[in-house]
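Asks: Chains as they are written, first to last, in the UniProt record's numbering: chain S, 1 to 430; chain U, 1 to 430.
Check the hints yourself; a few may be wrong.
Just so you know, same-sequence chains aren't split out, so a pair can sit in one copy or run between any two.
To be verified - Once the Cα atoms are required to be at most 35 Å apart in a straight line, the calculated DSBU-like pairs of lysine-lysine come out as:
# : residue 1 : residue 2
1 : Lys-425   : Lys-383
2 : Lys-395   : Lys-139
3 : Lys-410   : Lys-425
4 : Lys-410   : Lys-124
5 : Lys-425   : Lys-124
6 : Lys-156   : Lys-64
Derived from the structure by calculation, the hints contain no laboratory data.
This one's a predicted model, so the numbers in the text were calculated from it and none came from an experiment.
There are 2 protein chains.
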Amino acid sequence: MNHTATARSWVEQANGHSDFPLQNLPLGIFSRPGEAQRCGVAIGDSILDLQAVLAAGLFEGEAKTAVEATVDATLNAYFALGRSARVALRQRLLELLGEHSEHQAALQAALYLASDCQMHLPAKVGDYTDFYVGIEHAKNVGKLFRPDNPLLPNYKYVPIGYHGRASTLRPSGTDVRRPKGQTLPAGQTEPSFGPCARLDFELELGIWIGQGNDIGQAIPIGDAAEHVAGYCLLNDWSARDIQAWEYQPLGPFLSKSFITTLSPWVVTAEALEPFRCAQPARPEGDPQPLSYLLDARDQANGALDIELEVLLITEGLREQGLPPHRLSLSNTLSMYWTVAQMVAHHSVNGCQLQAGDLFGSGTLSGAQPGSLGSLLEMTDGGKQAIELASGEVRKFLEDGDEIILRARCKRDGAVSIGFGECRGKVIAGN
Amino acid sequence: MNHTATARSWVEQANGHSDFPLQNLPLGIFSRPGEAQRCGVAIGDSILDLQAVLAAGLFEGEAKTAVEATVDATLNAYFALGRSARVALRQRLLELLGEHSEHQAALQAALYLASDCQMHLPAKVGDYTDFYVGIEHAKNVGKLFRPDNPLLPNYKYVPIGYHGRASTLRPSGTDVRRPKGQTLPAGQTEPSFGPCARLDFELELGIWIGQGNDIGQAIPIGDAAEHVAGYCLLNDWSARDIQAWEYQPLGPFLSKSFITTLSPWVVTAEALEPFRCAQPARPEGDPQPLSYLLDARDQANGALDIELEVLLITEGLREQGLPPHRLSLSNTLSMYWTVAQMVAHHSVNGCQLQAGDLFGSGTLSGAQPGSLGSLLEMTDGGKQAIELASGEVRKFLEDGDEIILRARCKRDGAVSIGFGECRGKVIAGN
Numbered sequence: 001m002n003h004t005a006t007a008r009s010w011v012e013q014a015n016g017h018s019d020f021p022l023q024n025l026p027l028g029i030f031s032r033p034g035e036a037q038r039c040g041v042a043i044g045d046s047i048l049d050l051q052a053v054l055a056a057g058l059f060e061g062e063a064k065t066a067v068e069a070t071v072d073a074t075l076n077a078y079f080a081l082g083r084s085a086r087v088a089l090r091q092r093l094l095e096l097l098g099e100h101s102e103h104q105a106a107l108q109a110a111l112y113l114a115s116d117c118q119m120h121l122p123a124k125v126g127d128y129t130d131f132y133v134g135i136e137h138a139k140n141v142g143k144l145f146r147p148d149n150p151l152l153p154n155y156k157y158v159p160i161g162y163h164g165r166a167s168t169l170r171p172s173g174t175d176v177r178r179p180k181g182q183t184l185p186a187g188q189t190e191p192s193f194g195p196c197a198r199l200d201f202e203l204e205l206g207i208w209i210g211q212g213n214d215i216g217q218a219i220p221i222g223d224a225a226e227h228v229a230g231y232c233l234l235n236d237w238s239a240r241d242i243q244a245w246e247y248q249p250l251g252p253f254l255s256k257s258f259i260t261t262l263s264p265w266v267v268t269a270e271a272l273e274p275f276r277c278a279q280p281a282r283p284e285g286d287p288q289p290l291s292y293l294l295d296a297r298d299q300a301n302g303a304l305d306i307e308l309e310v311l312l313i314t315e316g317l318r319e320q321g322l323p324p325h326r327l328s329l330s331n332t333l334s335m336y337w338t339v340a341q342m343v344a345h346h347s348v349n350g351c352q353l354q355a356g357d358l359f360g361s362g363t364l365s366g367a368q369p370g371s372l373g374s375l376l377e378m379t380d381g382g383k384q385a386i387e388l389a390s391g392e393v394r395k396f397l398e399d400g401d402e403i404i405l406r407a408r409c410k411r412d413g414a415v416s417i418g419f420g421e422c423r424g425k426v427i428a429g430n
Numbered sequence: 001m002n003h004t005a006t007a008r009s010w011v012e013q014a015n016g017h018s019d020f021p022l023q024n025l026p027l028g029i030f031s032r033p034g035e036a037q038r039c040g041v042a043i044g045d046s047i048l049d050l051q052a053v054l055a056a057g058l059f060e061g062e063a064k065t066a067v068e069a070t071v072d073a074t075l076n077a078y079f080a081l082g083r084s085a086r087v088a089l090r091q092r093l094l095e096l097l098g099e100h101s102e103h104q105a106a107l108q109a110a111l112y113l114a115s116d117c118q119m120h121l122p123a124k125v126g127d128y129t130d131f132y133v134g135i136e137h138a139k140n141v142g143k144l145f146r147p148d149n150p151l152l153p154n155y156k157y158v159p160i161g162y163h164g165r166a167s168t169l170r171p172s173g174t175d176v177r178r179p180k181g182q183t184l185p186a187g188q189t190e191p192s193f194g195p196c197a198r199l200d201f202e203l204e205l206g207i208w209i210g211q212g213n214d215i216g217q218a219i220p221i222g223d224a225a226e227h228v229a230g231y232c233l234l235n236d237w238s239a240r241d242i243q244a245w246e247y248q249p250l251g252p253f254l255s256k257s258f259i260t261t262l263s264p265w266v267v268t269a270e271a272l273e274p275f276r277c278a279q280p281a282r283p284e285g286d287p288q289p290l291s292y293l294l295d296a297r298d299q300a301n302g303a304l305d306i307e308l309e310v311l312l313i314t315e316g317l318r319e320q321g322l323p324p325h326r327l328s329l330s331n332t333l334s335m336y337w338t339v340a341q342m343v344a345h346h347s348v349n350g351c352q353l354q355a356g357d358l359f360g361s362g363t364l365s366g367a368q369p370g371s372l373g374s375l376l377e378m379t380d381g382g383k384q385a386i387e388l389a390s391g392e393v394r395k396f397l398e399d400g401d402e403i404i405l406r407a408r409c410k411r412d413g414a415v416s417i418g419f420g421e422c423r424g425k426v427i428a429g430n
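The following block holds chain S by itself, in its conformation from the complex (with noise of 0.2 Å):
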């Protein structure tokens, strides 16, 4: 697809800056004022009805195939035919929505302006898990519990995880409420009950899974790419002092569920390729990975090059005509496990995967100044705070706030594609 590198579409705002060039080409679900929801594509300021260029006839055998699985308004059935069905969609909308499509006139019809659609979740989750991959996150919180020994002596052999909440998933752009719950105030020895004084955003990259596996079939760690269908943002808002109370001995449970929320458009396995690039090498003395998770050509390919990033809105640089504060540059060269690593552990034990369920990194920092994940880490604490250029000043979210996250994928000689936006506005509990 060599081609592809440099080609241009007739959707002339895809050809500039966008997230959504003729190389990108992401899925989703949205829906027009008043309309059903349906699949569609992204492609510059616009959405392509798939729907409706389904109806026009334009797609035969396999990409057919693959559009028509979509016909229930979710991404589940289309995960679930694999790699095959969204190469040969994608290869069909490459012809399509190219510089020299002979259907321009056909598919202006089922071309939508984004800014006039509401975009919904891609996919229903069967289970969400989350990890715990960025190294840098685990270290920086294990030090502000065990200065000494931030790292747990299973972390450099256990791709780390736990089960998320599945109903409180949510689309970009829904408001966070401030949750409620018990926190041990500093200095007591018995819980209040309130609203959440601490809360938090982190910075993930989601993985939407593809092709699942049957109860007790492991998926070698060979084949664990092949099971990726795509990817996307997600903010896991965290109510800190609600997680620091409730999460021995079993983990987080509701300092995290009360919503977490993802970006629409899942950027395909197929269309960050050119961004993929060897596992960073492991620092000395640390081990190897164990048999079932060591793959030469996930080590030599597996890790992405994806640059994140993290705004913040505030109502004070909102009414000031400030720019928003851009809290941190990350990028996901800071996860210590592959993905094809995390889909081969979470499956060993016989876990069944299915088709639409949704892995979280876990919170990807960065080891330079400016690239955290997480108000936790960049407050020491709750301890330093934040200073914005309209004076105020933060430690943690306070209603109002809004986080935004981006991510973006550039490398010379290739075409540079984003992600679209992760954003929730923090809102007063009820």
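Take the given structure of chain S and dock chain U to it, following the hints.
Replies: Frame of chain S, contents of chain U only:
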């Protein structure tokens, strides 16, 4: 409904020592060989096909609505209808299956021997949450890790729970494949990979959620019981060696997610009414629940008195024609929190519960000898072997071992009801 306390059914086998007398009427999803799955009610040794009874015109009003809601062969939509529909269906089934029924001939044609049918999961579980409300279990397990301080400081304030895996919930009778995973052998500093060597069961009560709540809207404790549709038995199979190595800091993951077995019949909240009782008094010195968990009616009548039994069958016992070995006789009165408290806590942060969500109670060990809910506890962490009449000994489960959970409610003046079996046989890993 006092007249139902002694009422008999024209299905004769329901009137003896059956788990499913007229007073029970649990719903489930069954199939006959080569036929589609559909909703039925257990009565004695038989299953009444509710779709067939519907087709015969024997339901009307809310009872009809309730049965119509099961047309997709899950109970999710029926659960969503709430208590009023459950009560209407129960009332009609008491008439139809009672000894004075006018419709015996028509119903006989819709009645099948349960032994000729296969049972399936009763609902499509959106999210499965496993609690930890068995305080004796929490103490026993805590003692193995922290002899001087078995209960963590949050235990008596927080109904501890965590998210479990929904995709590997399976109905009674499904084989349990021994999982593989990472473990840290005693005395080693590096983990090994291989089959679980400390495979265990956990005796739990399963709780089916009926009507849910919107995201951001907590369910008050006074309303919480109304959101419970029914109950089952749940075996939270556990790989103790995998669990010990993986569970810090985010909780159990692959040590649990290989399979979780459910008894297939949903014993309704209404059938359990006669077996509700006052929450046992908290020991002197224990704190009162925080106000969002405290309700006078719940304290007075929110606990459940259900006898729980665990049986073990081994190849040795089978070959020698010996009866199953009773491992435990326990009771749901060992729950430190009521089911209503679990519902109120789960939603207090605004987490959305949905019809067909499932809770596990956590392991229900009693304080008395012979009432423990896991082998980990019975063998003091694998140190004391259990001797069987066959001459075999067990610390953990071996391939070929079968665990059967049973439950029975008994009370003076009430007909005893049971839950049916929750059964699973361990088979070798692959």
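Asks: Hint by hint, say whether it matches the structure.
Replies: Consistency of the hints with the structure:
In this assembly of identical chains, the alpha carbons of Lys-425 and Lys-383 lie at most 35 Å apart only when taken from the same copy (23 Å versus 53 Å across copies). For the identical chains of this complex, Lys-395 and Lys-139 are intra-copy neighbours only, at 20 Å inside a copy versus 37 Å across copies, given an alpha-carbon limit of 35 Å. In this homomeric assembly, Lys-410 and Lys-425 come within 35 Å of each other (Cα to Cα) only inside a single copy, at 28 Å, whereas the closest approach across copies is 52 Å. Within a single copy, Lys-410 and Lys-124 get their C-alpha atoms as close as 31 Å, which meets the 35 Å cut-off; across copies the closest is 42 Å, which misses it.
For the identical chains of this complex, Lys-425 and Lys-124 are neighbours both inside a copy (23 Å) and across copies (32 Å), given an alpha-carbon limit of 35 Å. Neither within a single protomer nor between protomers do Lys-156 and Lys-64 lie at most 35 Å apart by alpha-carbon distance, with minima of 44 Å and 57 Å respectively.
Of the numbered hints stated above, the single one contradicted by the structure is hint 6.
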